[in-house]
Every structure is written in C-alpha cells, then in structure tokens.
Amino acid sequence: MEFKEVVGRRRSIRFFDPDKPVEREKIQTILETARLASCAVNAHWLRAIVVQRDELPKEKLKQLKTPVAALTLDLAPVHIYFFCDLGTVNRIKGSRLKEQVDVGAMAPTHGWSHKFVDEFVYPQLLEPMTKNREGYLAVAMPDCGGAAHMALLAAFDEGLGACLNTPNPALTTKVFGVPQDWVSLWVMLVGYPSESWEAGGQRPRPPFEELYFEGEYGRPFRRDPAVVERLKAAKMIQDPAPLSGRREEIRRLAEQYGLPE
Amino acid sequence: MGKSIAAFASVESWRRALAEQWGEEPADFERRLELLERFCAFAGRDPDAMIAECTREVESGKRIRIKARRLYSEKIAEFQESAGGDARARARAGNIIRSFFIHNGIFMQAGLSQ
Chain V
1 MEFKEVVGRR RSIRFFDPDK PVEREKIQTI LETARLASCA VNAHWLRAIV VQRDELPKEK
61 LKQLKTPVAA LTLDLAPVHI YFFCDLGTVN RIKGSRLKEQ VDVGAMAPTH GWSHKFVDEF
121 VYPQLLEPMT KNREGYLAVA MPDCGGAAHM ALLAAFDEGL GACLNTPNPA LTTKVFGVPQ
181 DWVSLWVMLV GYPSESWEAG GQRPRPPFEE LYFEGEYGRP FRRDPAVVER LKAAKMIQDP
241 APLSGRREEI RRLAEQYGLP E
Chain S
1 MGKSIAAFAS VESWRRALAE QWGEEPADFE RRLELLERFC AFAGRDPDAM IAECTREVES
61 GKRIRIKARR LYSEKIAEFQ ESAGGDARAR ARAGNIIRSF FIHNGIFMQA GLSQ
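Protein chains in written order, with the working numbering: chain V, 1 to 261; chain S, 1 to 114.
One chain only, chain S, in its complex shape (with noise of 0.2 Å):
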C-alpha cells in the first residue's frame, strides 16, 4: 500500500465514526487496524479505493454500486472463513471489516451468528 494504513482517509473516518457512535475511541483499535490491512491484501485493494469502488457520483449525489458491494460482502464472508479461530472469533473478524464499510456509508449487514 505505500502508506501505513490509519492514514487513509476512510480509515480516519471509520476511527472518527466510531468514537462518535460509541462516546469513545475503541480500546483495540490497533488489533481492528492489523486486519484491516490483512483484508486488504486479502482484497488486493487498499482501504479508500475499497470505499471508491463501492460507490459512484450521479448528478443527484453518490450512489452505491451494488455489484461492488455485494462483491466486497462476498469477500468478507470468505476472509471471515480463513480468520482463523472458533466461529465466534472469526464471525468477530468478518464484522470488523463490515464495521469498516458500513462507517464509511457503504450499508452492510451480516448473517446471524451465534
């Protein structure tokens, strides 16, 4: 990627946004960043073109590409797989990279999982 991955402008907005919903940075944000980054080599995309790619400018606003999205749903679903871990801890992967997605307005939903 070039650059260290907290310095991408989604990744700034994702850290932003989720102070903001929860009133406090979370505590492991470093260990949410280490795979971020492993989902983007995974995606071999970084972070801000993730973002781009999921969404369009329209004379009316910015549209999602739904073709991209459910893309990057499937490839979360399948990094999700290869996580690592017990069910529990790889469904807690695969939502930290939705969680990546859905603060930076591309709507998202997982399974459920429990």
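Just chain V, with the same shape it has in the complex (with noise of 0.2 Å):
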C-alpha cells in the first residue's frame, strides 16, 4: 500500500475477529517499523512488550483490563504494552550518539564530535536532564509517541487493524514486573478487523485552519483546495464519517458479539 494510502485508511478500529490469530512476521514488522522511528539523541527509550491474548493467563488479562478498554482487550488477539525506558540514557551514556557521528549522520559540518559528546552533551546535558524527571519525560515522550504511531501505520499497512489505548500503569508494571524505570505508556491492540476497513469513514478532524499556521500565531496556514483534490485521489483523505450503513454495521456486530445496544 501506498504511504497516503496507509495514512487515510488508519483509524482506530475497536471491532477485531477475537479468533483469528495474528501472523507473527506481521508482528515482528510492527516493531521493526518502531524502531526505525526517529529518536533524540538516539536514545531510543520506547520498550515493547508482545502478548498473545490467549498465552496471558486468565487473571492477569482480567487485571489489566480498564473500565473503558476491558471489551478490545477480549476482542484483540494481541496486544503490545508500549513503555518508556528512562534508564537508557546513562546506561549509553552519549555512546549512540557517537555512533551516529562515526556513520556521518552527524558530522562536523554540523559541530558534531566525539569530543564534544563526551565532555559537554552527556555530562552537561542528559545526565543532568535525567534527575528532573518531569523535564525529563517531556523529551522522551514523544519521541516514544512517534514511534508508536510508527508502529501503528505499519499495522494498517499489513493489513491489520489497530487501536491505541491507555492501560492502568500501576497494574502493567506489576503484572509484566518491568523494571522500576519503565514508565507504562500505551497498549496497542492489534487484530484482523471485525468492523469493515472503513470502520464509519475517517473520523472527524478540527479545520486544517484552525492547527496550523504561517510564519506567525494567528495566521492561518492556507489550505490549498488543489492540494487537497490529489490527497483525495492518492486516498489520504477519504470520505468522512459517517458513512451510510455505520449503524446497521455496529448493530450486527453488537448482535455478533453479544453487545448492549
């Protein structure tokens, strides 16, 4: 599939085939596409765990689930709890930084050395920025964020369905026992579609307007229609939600599953 293609047919699909079972390579692609996500300073603090819905005894799936995402985990047939491993940074200690000054991803051109890795970046910089916590996550966050979503487009791309949950933190360090500075992030359940691919149509956005701007705050970014038509025909931007037939389709699978109405 083509990359506006994956990008306009992703949206959160709550509705999987609990029996069919995920092809391992599929999973193995998902994480590959995370870890090829761009990362400050090459930390890379975003962690995987993959659980086979199935394989996870019956107590700790009961445990893990929350008031809102109890029905996808019965739903999905694997689930990945993403989390942010605060230790990498004085465990490398500006080592992969080095080594992408050494491949000439950052070279001289730029101001970068070894040297100045060494002596200013890891002592000056990350090692401080590590023992305030809050400054702290607000770097690695995203960068773990971004990998996510990585993650999640390449579900779409095999063909899968995906969705992005928030999971109680206290419960999956416990129930996976992570180390104590893995911080819990997201889980993303991963299965073959129940709903159809569209799932409703794309979901509603707020005006391209109103998010992006040009040059200045307050200057709306112009959203060029022309642009829009070919974003249309590459099938980025798709039909809106909801699409004809979104009631009848939920009823079914309410009737399917057993579902409150």
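Simulated from the structure, these hints should not be mistaken for lab results. Incorrect hints may appear among the rest.
Unchecked claim - Computed spacing ranges between beta-carbons, pair by pair: (1) V:Leu36 / S:Trp22: 40 to 48 Å; (2) S:Trp22 / V:Glu5: 50 to 58 Å; (3) V:Thr166 / S:Lys62: 15 to 23 Å; (4) V:Arg133 / S:Glu74: 34 to 42 Å; (5) V:Ser12 / S:Lys62: 20 to 28 Å; (6) V:Val68 / S:Glu74: 42 to 50 Å.
All residues carry an ideal CB built from backbone N, CA and C; glycine is no exception.
Work from the hints to combine the two standalone chains into their complex.
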C-alpha cells in the first residue's frame, strides 16, 4: 500500500475478530517499524512487550482490563504494551550519539565530534536532564509517541486493524514485572478488523486552518484545494464519517458479539 | 415503585437516546421496560435512584461513582445469570440493562459473549 493510503486508512479499530490470529511476521514488522523511528540523541526510549491474549493467564488479563478497554482487550488477539525506558540515557552515556558521528549521520559540518558528546552533551545536558523527571519525560515521551504511531501505521500497512489505549500504569508495570525506571505508556491492540476497513469513515478532525499557522500565530496556513484533491485521489483524505450503513454495521457487530446497544 | 416505570426521567432519557442513536425507537421497547422493571425489583431501587447512586456532583461538574458503578455491573451480571433462557438470551437481558445505564451516561462494558 502507498504511504498516503496507509495514512488515510488508519483509524482506531475497536471491533476485532477475536478468533483470527495475527501472523508473527506481521508483529515483527510492526516492531521493526517502531525501531526505525526518529529519536532525539538516538536514545530510543520505547520498549514493547508483545502479548498473545490467549497465552496470558486469565487472571492477568482480568487485572489489565480498564473500564474503557475491557471489551477491546477481549476482542484483540494481540496486545503490544509500550513503555518508556528512562534508564537508557545513563546506560548508554552518549555512545549511540557517537555512533551517529561515526557513520556520518552527524558530522563536523554541523559541529559534531566525539569530544563534544563526551565532554558536553552527556555530562552537561543529558545526565542532568535525567535528574529532573518531569523535564526528562517531556523529552522522552514525544519520541516514544512518534515510534508508537509509526508502529500503528505499520499495522494498517500489513492489513491489520489497531487502536492505542492507555492502560493502568501501576498494573501493567506489576503484571509484566518491568524495571522500575520503565514508564507505562500505551497498549496497542492489534488484530484483523471484524468491522469493515472503513470503520464508518474517516473520523472528524478540527479544521486545518484552526491547527496550523504560517509565519506567526494567528495567520492560518492557507489550505490549497488542489492539494486536497490530490490527496483525495491518493486515498489519504477519504470520505468522512459517518458513512451510510454504519448504524447497521454496529448493530450487526453488537448482535454478533452479544454487546449492548 | 409507586409509578409506571416509563414515567421515570432516566427511562425517558433512555428511550430518547436509543431513538437518537439508532434513528428509531426500538420495536421491543415494552419488553425492555419489563426487563428493567424486573432488574429494579432485583436491585431494590427505582431507575432514577440507580442512576443517581452512580453519580455525584462536584464543583467542576458530574463524576461517576466508581464503587456504585462496579456494584451495578456486578448486579447486572447476577441478574443476567438468573434471567432464564439460553446463554444468548441471558446476555441479551444483561445488555438491555447495561444499555439503560450507558444511555444515562454511566460508562459500562459487557464482557465478550459469543
């Protein structure tokens, strides 16, 4: 699938076929995609624990359910729990940044050297940053989010459906026994959709001009209708929700899985 | 309860919300009312009292009382087990009661029953 179409087809899927397993290679592809995400100082804070729902002891699955994600946890055959490993910066001490210098990704043309990393970046910026948890999280979390969202797109590119949910952090860290400096982020539920891939249409978004500006705050970035048409042709911008027949589809799914209306 | 089940404000809200959600009032609404009435007898509360019990007013607005919601979730599960019929019919009975809570703003999910 072309990139723009993958972006266009992604939407939070909440009805999965609970009995259709996800191929292992597709899960690996999702993880491989996350690994290639952009990340500040090449730290790569994102960690993931892949759980096959049916291999998880029932008691643990019950513990992991939150009021808003109990049903989707039952429906999705694969759960990928994402964490932010805050210990990584003080373990690698700038070594991955120096790797970037070695391979020419960061060069003297832009001021980079091993000496700069060893004498300035790690001891004066990164190490002190790790002592201020709030500030550190503000740096690490956006990169984790970026990687997780690349993983999300990969799931759709593989013909799967997926949805990010926020688990109970205290319970996930306990259930999976992760190190103390791992922060629980999201669970990505993965499976084959049992709703149509359109899932009722592309979800409502705020107006473009309300979100993006040009040059200064208050001057909306002008949205060119010709570009919009091109993106529609590329299937990135798709028919908005609700598509006709969505109510009937939800009713059919409610009947199929015995859910309230 | 002293008055008709349909006369309770929460029941009227439920009826209206179902019609808005699905574009028509359910054909079997009378049957749903009968089930809700049975559940009310089972729980020993009227419909408005159950919804009121699940919420509380704070300065910033309405909050859901987690313990009350859990209590009613469990009561619905018990009611469902005693509802009669096969598993599917019992699940449907439980879901009708859940629907009453959901459309009155009390978030609730059913387990997966296939």
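Status of the hints after comparison with the structure:
1. Look at V:Leu36 against S:Trp22: about 44 Å separates their beta carbons, and that is inside 40 to 48 Å.
2. A hinted range of 50 to 58 Å for the beta carbons of S:Trp22 and V:Glu5 is inconsistent with their spacing of about 32 Å.
3. Look at V:Thr166 against S:Lys62: about 22 Å separates their beta carbons, and that is inside 15 to 23 Å.
4. Take V:Arg133 and S:Glu74: their Cβ atoms lie about 38 Å apart, and the range 34 to 42 Å holds.
5. Checking the proposed 20 to 28 Å range against V:Ser12 and S:Lys62 shows it holds: the Cβ atoms sit about 26 Å from each other.
6. Separated by about 18 Å at the C-beta atoms, V:Val68 and S:Glu74 break the suggested range of 42 to 50 Å.
Going down the numbered hints, you'll see the structure goes against 2 and 6, while the others check out.
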